[in-house]
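**Q** Those protein sequence lines, which keep their order, are chains A and B.
Those letters in the first sequence? Residues 33 to 265, by our numbering.
Those letters in the second sequence? Residues 1299 to 1592, by our numbering.
It is possible that part of the hints are untrue.
Chain B is nowhere near these chain A residues, computed Cβ spacing over 12 Å in every case [as the list claims (entries may be wrong)]: (1) D59; (2) G95; (3) G216; (4) E230; (5) A251; (6) F257.
Estimated spans, in silico, between C-beta atoms of each pair [unchecked claim]: (7) B:T1466 with A:G46: 36 to 44 Å; (8) B:R1390 with A:Q215: 41 to 49 Å; (9) B:I1404 with A:D203: 53 to 61 Å; (10) B:M1412 with A:E106: 34 to 42 Å; (11) B:M1428 with A:G101: 55 to 63 Å.
To give an idea of the interface, some chain B residues facing chain A are shown, with a C-beta separation under 7 Å as derived from the structure [unchecked claim]: (12) R1470; (13) T1471; (14) R1473; (15) A1474; (16) D1477; (17) D1478; (18) E1483; (19) L1484; (20) V1485; (21) G1486; (22) L1487; (23) S1488.
Hints are computed from structural coordinates only; laboratory data are not their basis.
We put the beta carbon where it would ideally sit given N, CA and C, even for glycine.
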Amino acid sequence: MTALAVANLTVSYGDVVAVRDVSFAFDAGEVFVLLGANGAGKTSILRCISGLVPARSGTTVSGERSLNGLSPHEVARAGISHVPEGRRIFPNLSVEENLTVSFIPRGSDRGTVLAAVYKLFPRLAERRRQFGGTLSGGEQQMLAIGRALMNSPALLMLDEPSLGLSPVLADLVFERLAAINAQGTTILLVEQNATCLELATHGVILQNGRVLLAGDRAALQDSDFVRRAYLGI
Amino acid sequence: MSGIETALVPVGQALLSGVLVGGVYGLLSIGFSLAFGVMRIVNFAHGDLVMYGMYAGVVSATFGIDPLYAIPFSFLLMALLGAAQYQLVYRRFVGFATLQQLLAAIGLGLVLQMLAQVVFGADTRSAPSMFGGQYLLIGPLFVSAAQVMAFVVAVIATIAVEALLLGTHWGRTVRAVADDIEAAELVGLSSQFINITAFALACGLAGIAGTIMVTYYPTDPSKGLSLMPIAIIATTIGGLGSIRGSFLGGIFCGMVQQLTAMLWNSALQDVPLYVLLLFFIAYRPTGMFGFRTE
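With the rest of the complex left out, here is chain A (with noise of 0.2 Å):
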């Protein structure tokens, strides 16, 4: 099943085109990767998906269901999380708050989904009672994931989590993404990092605003494109 289609998508900010004319498309349980260096167009194409910007042209569609026109909160709500870049988690809530506040029921009550998300990141657990904003940056990008989860979504979109963290912690961000994936969950991953490969299923590299190359992780890894600008190779 089609979890998205994006079609000949174009998002402009004035007379500045942001996204030209993108289309890709993928099933239940892939993690899809958006890829592409800084001004790609990648954030305006998550933004737009989410409902924070409209689309000039072109169609976003989840399943059966479209996407177009709808408010980021209904977005949301039909079962798409969107960690946006920079984590935006909320400074004056705590931990707990920041959790509960985005729990969108779907069968299993909060404490259920709550527990859930403290045994993926047990470091939630215990700075919980802490304000949001006291956490460390991998704590809160592993906050804003957590946030993210509480809606249970069915895709679950992330955009450049790994920007601003240690390799270390880009690596243990990117073994919780498989593990989220693993349980059922379909992601769409935006990155500018070339090791976020190592999960894709397939995926798509963008240069301003366009498709450049599109294929599974094979084609991706191989493409001159990121021997070249990713690899140094």
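Given chain A, put chain B in place with the hints provided.
**A** This is chain B only, laid out in the frame that chain A set:
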């Protein structure tokens, strides 16, 4: 009593009256502060809702009902009026206190004042409660029973708002929107619903403040406007967006006013407040408790 004690009695009297008056200033300030803290809306018409709250007391008194019983109705009416204002005007300005937003609020305030003048007339009106004209003696100090009652209502309302914000799911959603409206939407919270309810609460508090104030302080259609400087000064000193800070800022304003009136001249009672406002804006713009202000 020795000479020094006798000399201190008027000071104690001024401070005590200041605390009582200041409690109500605190209540009218927390509504103003809430709208700013959550939505970054500077509601210059907030005082005019206090004025309508005062007239709610006047109207109930003319029907022979004690204004204290009108408090719940005043709260609901002003909350509804606030929700309507939000939906018609302020919704467009959430997140940035722009010049357009300020002008819209000032315009709305003028409309409310004109409307009050048409409906209630320009005369000064008052509405004493069952405690009107009664005084309590505390040692050498005396206080008006109506002011004590108003202070108690203000404290209860403030504690209730804090409990609502800190202890309920709705309160957590309000604080989440105050922190980051976009992130709140992304976790599935409807910022429109949260903002309109928070704004309604802020305006409902203005209604309560007005109705208890009219039991000892007469009103006229321009009363709201004359109360706005107090709300602005109290929230600036206490910290914009901080409920506790705004309440304490209100009490502080009441004490400074009464002390000035006693030591200097009651016509000049607001002068030190404006000096303090300038001082805080220049040297401590986040106020005493304004940890929320980025």
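**Q** Per the CB criterion, is E1483 (chain B) less than 7 Å away from chain A?
**A** holds, 4 Å
**Q** Answer holds if the nearest beta-carbon of chain A is closer than 7 Å to that of S1488 (chain B); otherwise answer violated.
**A** Hint on S1488 (chain B): holds, closest Cβ of chain A at ~5 Å, below 7 Å.
**Q** Beyond 12 Å on every Cβ pair: is that true for F257 (chain A) relative to chain B?
**A** Fine: 30 Å to the nearest Cβ keeps F257 (chain A) off the interface.
**Q** Evaluate the given range 53 to 61 Å for the C-beta pair formed by I1404 (chain B) and D203 (chain A).
**A** holds, 56 Å
**Q** Measuring from beta carbon to beta carbon, are M1428 (chain B) and G101 (chain A) in 55 to 63 Å?
**A** Holds, at about 56 Å.
**Q** Mind checking the CB of L1484 (chain B) against every CB in chain A and telling me if the closest is under 7 Å?
**A** Cβ of L1484 (chain B) sits 5 Å from chain A, so the hint holds.
**Q** Classify the label on A251 (chain A) as holds or violated, using whether its beta-carbon is more than 12 Å from each beta-carbon of chain B.
**A** holds, 32 Å
**Q** Please confirm whether G216 (chain A) is truly not at the interface, meaning its C-beta sits more than 12 Å away from all C-beta atoms of chain B.
**A** The assertion about G216 (chain A) holds, with a minimum of 20 Å to chain B.
**Q** G95 (chain A): least C-beta distance to chain B exceeds 12 Å?
**A** Non-interface label on G95 (chain A) holds, nearest chain B Cβ at 18 Å vs cutoff 12 Å.
**Q** Quick one, is the D1478 (chain B) hint okay against chain A at 7 Å, beta carbons?
**A** holds, 5 Å
**Q** For the hint on L1487 (chain B), just tell me whether its beta-carbon gets within less than 7 Å of chain A.
**A** holds, 6 Å
**Q** Far enough from chain B: is every CB of that chain over 12 Å from the CB of D59 (chain A)?
**A** holds, 24 Å
Every hint from the earlier list agrees with this structure, and none is contradicted.
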